[in-house]
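Taking this note's numbering, I'd label the letters of the sequence shown as residues 6 to 100.
These are computed hints drawn from the structure, not numbers from a lab.
Keep in mind that the hints are not guaranteed to be accurate.
Claimed, not checked - Only pairs whose alpha carbons sit at most 27 Å apart, straight line, appear in this in silico BS3-like list of lysine-lysine:
{"id": "1", "residue 1": "K32", "residue 2": "K78"}
{"id": "2", "residue 1": "K48", "residue 2": "K78"}
{"id": "3", "residue 1": "K97", "residue 2": "K72"}
{"id": "4", "residue 1": "K16", "residue 2": "K32"}
Note that the coordinates shown come from a computational prediction; the quantities given were computed from them, not determined experimentally.
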Amino acid sequence: MLTVIATIASKNIDADVVLTALENLQKYSRQEVGCLRYELSVKNDDDHTTYLVSEQWASNDHFEAHKNEPHFKAFGTQVTGLVTSSNIDVYKAIG
């Protein structure tokens, strides 16, 4: 099992567009085979421009397949130039 933690930040002016794109990504990702959990959170501050995505995938193969899905690629296109920073960490379950 893999756990993926992604943080994504945007400019305040672009936050609504980025949030909508993330919500669409969440909706379709949750329907994928091998997706065990896909949660979207927003940082609890005044700006609401930093998002946390927490995912669990049954296997690395499922996660790799996710990255090739049309909705994943569409997300990248939709937020190009709108994201000010992003970080993705992938963790493998032990035991």
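Hey, K48 versus K78, does the alpha-carbon distance stay inside 27 Å?
holds (24 Å)
Take the C-alpha atoms of K97 and K72, compute the straight-line distance between them, and say whether it is at most 27 Å.
With Cα atoms ~17 Å apart, K97 and K72 stay inside 27 Å; holds.
Restraint check for K32 with K78, where alpha carbons must lie at most 27 Å apart
holds (14 Å)
Within 27 Å, alpha carbon to alpha carbon, are K16 and K32?
holds (23 Å)
In this structure, every one of the numbered hints holds.
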